[in-house]
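Engineer: Residue-level listing of the chains:
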Amino acid sequence: MEEQFPLRVELIERIDWFISLRWLAVVGTLLTIVVVNFYLPGLLLQGPLIAVTTAIALYNFLFLLYARRLRAHGPTAMRLRQSTVFVYVQIALDLIALTTLLHFAGGVENPFALFFVFHMIIASILLSPAASFLVAVLASSLFAAMALLEYRGLVPHYNLVGLVNPDLYHHGTYVGASVLVMTTTLFLVVYMTSSISARLRARTDELLEVSRSHEAKSRELAELNTKLQKLDAARTQFMVTVTHELRAPVSTIYSCLDLVLGGFASREKEQQILERAQQRTTELLDLVKDLLELTGARQAEVQVEEAETIQLADVLRNVEELMRVEAENKDLFLSVDIVPDMPLVRAKPDHIKAIWTNLISNAIKYTEAGGIVVASLTHNPDYAVGTVRDTGIGIAADDLSKIFEEFYRTANARAICPQGTGVGLAIVKRMIENYGGKIWVESEPARGSKFIFMLPRARP
Amino acid sequence: MTTKGKVLIIDDDPDFVEVVRTALETDGFEVFSAADGSQGLALMRQEKPDLVFLDVMMAHPTEGVDVSEAMMEDPDLRGIRVVMITAITDTQYVGDFPTDRYLHVDQFLSKPVPLPELLELTNRILKKK
Chain A
1 MEEQFPLRVE LIERIDWFIS LRWLAVVGTL LTIVVVNFYL PGLLLQGPLI AVTTAIALYN
61 FLFLLYARRL RAHGPTAMRL RQSTVFVYVQ IALDLIALTT LLHFAGGVEN PFALFFVFHM
121 IIASILLSPA ASFLVAVLAS SLFAAMALLE YRGLVPHYNL VGLVNPDLYH HGTYVGASVL
181 VMTTTLFLVV YMTSSISARL RARTDELLEV SRSHEAKSRE LAELNTKLQK LDAARTQFMV
241 TVTHELRAPV STIYSCLDLV LGGFASREKE QQILERAQQR TTELLDLVKD LLELTGARQA
301 EVQVEEAETI QLADVLRNVE ELMRVEAENK DLFLSVDIVP DMPLVRAKPD HIKAIWTNLI
361 SNAIKYTEAG GIVVASLTHN PDYAVGTVRD TGIGIAADDL SKIFEEFYRT ANARAICPQG
421 TGVGLAIVKR MIENYGGKIW VESEPARGSK FIFMLPRARP
Chain B
1 MTTKGKVLII DDDPDFVEVV RTALETDGFE VFSAADGSQG LALMRQEKPD LVFLDVMMAH
61 PTEGVDVSEA MMEDPDLRGI RVVMITAITD TQYVGDFPTD RYLHVDQFLS KPVPLPELLE
121 LTNRILKKK
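Protein chains in written order, with our numbering: chain A, 1 to 460; chain B, 1 to 129.
Hints are computed from structural coordinates only; laboratory data are not their basis. As the structure is a prediction and not an experimental result, all values here were calculated from the model. Hints may be right or wrong, so weigh each one.
Partial selection, computed: residues in chain B whose CB lies under 7 angstroms from chain A [claimed, not checked]:
no.: 1; residue: Asp13
no.: 2; residue: Thr26
no.: 3; residue: Pro112
Glycine included, C-beta positions come from ideal geometry on N, C-alpha and C.
Generate coordinates for the entire structure from the input sequences, incorporating the hints supplied.
Structural biologist: The structure is reproduced here in structure tokens:
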């Protein structure tokens, strides 16, 4: 219904035009009466004619007030219905008024009977084809009634004295022919004007449809554009951070070599300095490796087809073997806890290994000697659930939301381990989310951390 | 053993500190180092160095600037010469670096610092004292 409002707004505008037209008609009628009376005095029955014209002026004034009131309300379905009824009422009153004027000015003798056609045209423009036909029926009936009633002498006839044969109204053939011609004309006019009007409306509807879909597309484009801009900004940010992370170690390595080559250091010192430079080189290589994994994980959507159906528990046991030495070196207790009947998941084994390795190695790294690291596996109806818990340094509330961001390292983490790319958790998160899973962390400073991830069960 | 002067290096990169320390010590300076701003300021008050090499960006993007401002506000430290070392001249942080305020800085150097230039600069600044 809403779509019709802009279209049918024309109806409400046209009502104003219709009312203005009627003022013209009133003026025109009065002028005609005055002029005719001047040139052909006694021809017309002034009294009734002027009375009817005054009545028209009066009801037009009422129409004006009602139209103002209608417009005050916003466009609603009710207003549309009321406007349509309003138009019917106007046309009906006009037809009655016209018929009365004709009656007092000669009836079938009066050529002004042609004016019925105006109302047919107006009805076809403002109303539906069906309604317009009803208007044609009303007009024809009124004209026929007037002609017939006068013909039968049931109402008086007012002859246009001196202008038309006073017996014409009594002439059966003439009256019949007039009524027939009038009726046919009215219906034909309605038919023709309605078709044109309907076609015009259809075209306007089409145009509106096109314009609306165009608007929708524009909005879509604007949204896509914003998304693209955000992605672009994120990518630039990433590149800035990467170059920054690369720059510091590289310039330090340069300075170390500069020192040795420039002869600024003693023999013993040279060895030390070169070892430091090599250490930084190793760090850089780790960073490059992590970055490669990160960009690889970014493209993981492409690789999901290469996923296999695997058992998380097997990978975990594998990783446990590797991590055990590291844990013992730091005097930590590493334990693995797997519930029976673990479901299978679909993923690349390398990715799962990376996830476990990353989480467990982090736990080991950030837990002091004598602490505990526990990796466990359980499941719920839809997911396999993995957990890595530690009694380590924990994560502050501010850091919790940022910890999965690329290159993000907490101050505490930096204190314990100055080297570290901050990329590991970002990689893990990306991998898990690519498989349709979720990862999150619960932690408090000095109270340890608990990383939990879920991966969807493999559908059989 | 007399030294040509006392130099303090404030930088969170231990390898860079080691490189500069070696170069300066070989050239006859006494070198102290600190890994962050507050440690650096404490060491300054304790040892009263003649020159401070100050890394701009440490844990905080403009930590070096904060240190230099603290130095300006402390009458004991105001006389110490400062050389700022920056690796941020053409990155996004340039916007954070206030260039319109008067900074208590003799010179800016950019990493990697060419060592001959570093030594020449140190000698020049401390000779003036």
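Engineer: Please go over all the hints and tell whether each is borne out by the structure.
Structural biologist: The hints, checked one at a time:
1. Asp13: B:Asp13 check passes; min Cβ-Cβ to chain A is 6 angstroms, inside 7 angstroms.
2. Thr26: holds (5 angstroms)
3. Pro112: holds (4 angstroms)
Hint check: no violations occur; every hint is consistent with the structure.
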